[in-house]
Amino acid sequence: MAHLSEGTLRRKFDDEDALTDSDARHYSACAECQARYTALADDALAVASALAMPDIKVDVASAFSRVRSAPAAQPRFGIRLPIMRPASRPVMGGFAAAAVIVALVVTAFAQGALNFFHPETVQPVAVSVADLQSLSGLSDFGTFAWTTKPEPQLVTSAAEAATVSGLHVPVAGNLPSGVSKTVTYAAMPAAVGVFTFDASKAAAAAGKAGKALPKMPSGMDGAKLTVTVGPAVIEIFGNLNGGASSDATQLNLPQLIVGESTAPEVTSSGVTTQQLEDYLLSQPGVSPDLAAAIRAIKDPSTTLPIPIPVEYATHKNVQVQGVTGVALGDNTGLGAAVIWIKGGTVYAVAGTLKQNQILDVANHLN
Amino acid sequence: MGVNFEVASEAGRRHGAVKSNEESFEALFAAEYARVAGIANRVLADPHEAEDVAQEVFVDFNRLHSASAPYAAAWLYRASAHKALNRVRGRRRRERRELSQATDEGSSTMDPQHVLEVNESRRQVRQALARLAPKPATVLVLRASGLSYAEVAQALGVGVGQIGTLLRRAEAALRKEVTRGSSL
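Read top to bottom, the protein sequences are chains A and B.
Quick note: the first sequence uses our numbering, first residue 233, plus one each step.
Quick note: the second sequence uses our numbering, first residue 1408, plus one each step.
The set of hints was computed from the structure by calculation and includes no laboratory data.
Think of the CB as a built atom: it goes at the ideal place given N, C-alpha and C, for glycine as much as any other residue.
Where hints are given, some of them may not hold.
[Said to hold, decoys possible] With the Cβ distance kept under 7 Å, some of the chain B side facing chain A (calculated, not the full set):
1. ALA1438
2. TYR1440
3. ASN1493
4. LEU1581
5. LYS1583
6. THR1586
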């Protein structure tokens, strides 16, 4: 039998019963392991003695009051990616609203008794900025509340990102020359939100806009959609200006961002999928073009629409990691991105690089 | 995924997350402050400075994370060890000054030679600790502070099965580092 490992012997020092029966038999008969243990125990005792320290006496109440009087905390939203710098936030806000509303609309297409949506492929949906701005979000149709709040955070290592998210953190195996190997990690555990339709809110919003609210089908008022987003991990390559991780708002535009998120899941209750489809698509905030684009998706029960502002980006289907994904090329020439879904996980690679470089990074993610 | 983050922050602000987080933070502080300060004191051997570190750690945590996050305690433990180790690395000059002061102050009540030896020994151990790589130094500090193998593993983001090996190597490394200057 092989000798006991250092780790096993060290554990024995802290817990005499830690050895398995076979390890214990080996140890009792092995002079070499016993000698290693003696040396190791000597080190452990010496270090324990060197680091020994009387218990610290603390006054928790006064310490807490000192912490509360510290300078006002910044918003808890600990990360603002460069693409969300203030100048671009109005667009991103609309983009976010559009993404959620489109996810909800796609739910309406989901077939089957479970009313379940879990996308397996991505499909671009071209939308105009007018579309984005006209979608004022879910608050027009009801109330949205997180049952498990999203907790995005900057973390210090890939290992911590994996711990927080529970995801395998992708490793970029083939970085283009010139791309910094300095990586900043962000991670988010899964979050669950519930949207509850509210007839009175939807009516008020439509009335304020001077438009008539489509008649709400029976059962729509109070119907619930449960949306699970994440967990997610983002890796940002490049030397970021912010320095301290607590102020990530002053970042340079990164050369490369690699993102990974478990595909969103949406379940519905209280209404049929056909009712949802008809009702949401007829809302004043959804333009005819957007509705038509959503309807054009071939397999809506398993397809995640990616809203693409038509003024800013072009797109095409590409093969990436053995599946069909969507490549976005920025018309301004500032960057490119590729998005795909594989094994129930959404991946995105984006940056201030050429599209073929982005695709190469995407194909070499491990 | 950036989309999710943006939606998340907006929704969080809309639904009164601040109040419930405040209450959670107070509970977290009450539950963990003594241990977080103890970890810093293990490194610094200075209760006042250790409390400064612990309070900074909680302020940082509250700025960036939710107090109800499942990783809250693990984050606090590791941050406390890291911040305290960073202070040791930055205070060599100040320690030399304090050492000479301690020698003067101790002369009326204790054997000056003994005070000098205790302070010098502590200084050497802490300096050696701060010269180790962050992971072994943190393993030693957290384990010496009474964290279980599972808690140390969670704080470091490694498997619990690795802790024995990490501890063994870190102890050998610390002893070697200290022995370079004196005996441990």
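Each hint, compared with the structure:
Because the beta carbon of ALA1438(B) sits about 9 Å from the nearest beta carbon in chain A, more than 7 Å, this interface hint is broken. Annotation: interface hint on TYR1440(B) holds; nearest CB of chain A at approximately 5 Å, less than 7 Å. Among the interface hints, the one on ASN1493(B) is violated; its C-beta lies about 13 Å from the nearest C-beta in chain A, farther than the 7 Å criterion. Interface hint status for LEU1581(B): upheld, as the beta-carbon distance to the closest one in chain A is roughly 6 Å, under 7 Å.
Using the Cβ-Cβ criterion of 7 Å, the hint placing LYS1583(B) at the interface with chain A is not satisfied: the shortest such distance is roughly 9 Å. Interface restraint check for THR1586(B): the shortest CB-CB distance to chain A comes to about 10 Å, outside 7 Å, so the restraint is violated.
The structure does not agree with the numbered hints 1, 3, 5, 6 stated previously, though it agrees with the rest.
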